[in-house]
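By full-length UniProt numbering, the letter at position 386 of the sequence shown is numbered 386, and the numbering carries on one by one without gaps.
Hints in this document: simulated from the structure, not taken from any laboratory.
Hints may be right or wrong, so weigh each one.
[What the hints assert, rightly or not] Quick list of in silico lysine to aspartate or glutamate cross-link-like pairs, EDC-like style, CA-CA up to 20 Å:
| id | residue 1 | residue 2 |
| --- | --- | --- |
| 1 | Lys13 | Asp23 |
| 2 | Lys127 | Glu254 |
| 3 | Lys341 | Glu329 |
| 4 | Lys13 | Glu24 |
| 5 | Lys163 | Glu114 |
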Amino acid sequence: VMITEEVEYLLKKLCTAMSQEWDEKPLEDLISQDPTVLEEGMSVWSFLEHMRTGRLLRVTSTEALSLALNEVFLEMYHNVLKRGYMWKKGHVRRNWTERWFVLKPSSMAYYASEDLKDKKGEIQLDKSCVVEPIPDREGKRCLFCVKTHNKTYEMSASDQKQKVEWTQAVQRALRLQHEGKSFLHHDLKLKRRVQRENSTRERSRSSRSSRSSQSDDSNIQEVDRMEKDKQDLEIENIIQHARELEIRRREAEESERRKQKEVQMELERQLKEAEVMRESLQAEMQKKEKKAEQQKRRIQELELTQEKLEAALDIEIQARMEEERARQELERLLEAEDEKKRQFRLLQEQQGFLQRQEASNGRPSESTPSALYSASLELQHLQASRQRSHQHLEEMQERLRNATQHVRHWNVQLNRLMTPITPAERLESRLLSQNICPKKEGALASTEFISKYKIRHDRSNRIGGDEMEKLEERMEAAHMSDEADC
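Can you make the complete structure from the sequences, with help from the hints?
What follows is the structure in structure tokens.
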């Protein structure tokens with residue numbers, strides 16, 4: 001049974017939810033037509049029938065009435081003071097995101113959407129919280145903030161009316177926190193229940209007094225006292241039961257809050273561990289990339305050095321071949337000069353013999369001096385060619401020395417790159433560098449090439465040294481013979 005005050009209160013809540021003004025005339029007309037409603041109240045079924053026929057409330061839209069009933073149900077049964085979309089400023093990325101807010105006397109939860117599936121956070125309201133308006137900024141209007149003991153939550157309503165409604169709703173929740181109440185309609189429900197029972201008791205008393213007007217006053221007082229005690233006991237039981245329910249609800253909320261806090265702390269710990277691991281992996285990747293870049297530059301330097309060394313070796317080989325040809329040419333000229341000298345000596349001996357014979361016979365000879373002169377010219381020509389060949393050989397030897405010096409220079413550079421020199425280098429790092437730079441692949445396969453040319457170079461140096469000693473001896477002999485001829 002609903003008394004008149006309860007019906008009026010419920011109709012006012014529905015009108016407020018539908019954003020229309022409360023018209024009390026339909027309810028007054030119903031009471032004037034049926035006076036028993038004022039005395040005995042109205043049953044729930046009668047209330048629903050009157051609502052269906054439109055005798056209590058003028059309804060323009062069935063959908064609006066359904067939404068209003070849902071909102072009033074959430075407020076009176078689930079203790080939801082207000083809900084709706086607002087923009088919220090983040091604490092980490094500092095950007096604005098639209099969230100669905102649900103305000104209760106002890107908390108203000110916000111979700112990704114109104115289906116309440118993805119909960120993004122919750123603002124715990126206590127006696128230290130305050131709500132304050134904020135000037136418009138960052139392109140947002142209708143701003144206000146809720147300040148807790150450790151954070152400030154900035155929000156933006158859709159318009160000025162919503163801003164005022166949200167501010168008043170949060171202030172109402174904070175007022176309930178100051179009064180130590182967690183249910184808005186709990187005390188009102190108890191008061192309406194007491195009023196309804198008092199009204200029932202008064203009606204039953206008046207009916208009993210009319211039927212038993214001749215009873216003794218003492219019996220009436222005793223019955224009234226017993227009824228009053230019984231009603232007081234029932235009220236006390238109701239209040240006690242409500243207190244127990246409130247205690248259990250608070251314990252459940254506290255347990256849920258602790259679980260959420262533990263889950264949040266665990267997620268934060270895992271997030272920190274993942275961040276540390278990501279930073280370490282990133283540092284390791286940077287280190288490996290730097291090392292790979294160094295190895296790449298080193299391989300490029302090795303390839304370039306190998307190319308330079310091979311070019312220097314080719315130049316050295318060419319210079320050695322030219323030096324060998326010059327030496328052979330000089331040897332040929334020396335042999336020709338020796339032969340020509342031998343012929344020249346024979347001609348000289350023949351000339352002396354002929355001169356002695358002519359002196360004894362008294363007849364001069366003209367062919368021998370001309371042959372001797374011709375042989376002398378040829379010998380001088382061979383000596384000049386030998387001098388030029390000797391000078392050319394010296395030039396080739398100088399060129400060979402320069403080429404050999406270049407080979408040594410690039411060989412030193414290649415060895416330096418293949419065996420990096422670092423302070424306090426250990427054997428492990430050298431072995432690692434050998435494993436990273438194998439001998440038989442790519443540009444680093446020049447060790448065998450270098451050793452082969454080293455062996456050939458040393459052998460040719462030894463052979464060339466012996467030949468040069470013999471050639472120098474022959475050159476000295478030729479100089480001595482030249483001096484003797486002079």
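Status of each hint after checking the structure:
no.: 1; hint: Lys13 / Asp23; verdict: holds, 12 Å
no.: 2; hint: Lys127 / Glu254; verdict: holds, 17 Å
no.: 3; hint: Lys341 / Glu329; verdict: holds, 18 Å
no.: 4; hint: Lys13 / Glu24; verdict: holds, 13 Å
no.: 5; hint: Lys163 / Glu114; verdict: holds, 19 Å
Checked against the numbered hints given earlier, the structure satisfies every one of them.
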